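> Sequence:
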Amino acid sequence: MKITLKNFFANESGAVSTDWVVLTAVVMGLALVFTAVIVSGTENASNDISNYMANVQTDTDPLQANVDITASTDISLN
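Heads up: take any position in the sequence shown, counting from 1, add 16, and you land on our numbering.
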């Protein structure tokens, strides 16, 4: 029994799988943290843009352009 336990603890056949599981868990944790930071920043930026656009005052109706068309002095109309 003592030899069987010694062989069991000395066996490294599953160590690589365990390393990959731990490494994958760390990478996924970091991805979740970075995603939370990016989502928060994007939400703040979109709220700022929305607030700015809601408070913009326009002086004229964009569908009615007031354009004064006059002839330039450097163009001869004759």
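In case anyone wonders, no lab produced these hints; they're calculated from the structure. Nothing here was measured: the structure is a model prediction, and the numbers come from that model. The C-beta atom is built at its ideal place from N, Cα and C for all residues, glycine as well. Any given hint could turn out to be false.
As the list claims (entries may be wrong) - Label-pair distances were calculated between CB atoms; the ranges are:
no.: 1; residue 1: Ser33; residue 2: Asn71; range: 54 to 64 Å
no.: 2; residue 1: Ala41; residue 2: Asp64; range: 42 to 52 Å
no.: 3; residue 1: Ala26; residue 2: Asn60; range: 46 to 56 Å
> Each of the hints needs a verdict: does it hold here or not?
Status of each hint after checking the structure:
no.	hint	result
1	Ser33 x Asn71: 54 to 64 Å	holds (57 Å)
2	Ala41 x Asp64: 42 to 52 Å	violated (35 Å)
3	Ala26 x Asn60: 46 to 56 Å	holds (55 Å)
The structure fails hint 2 only (numbered hints given earlier).
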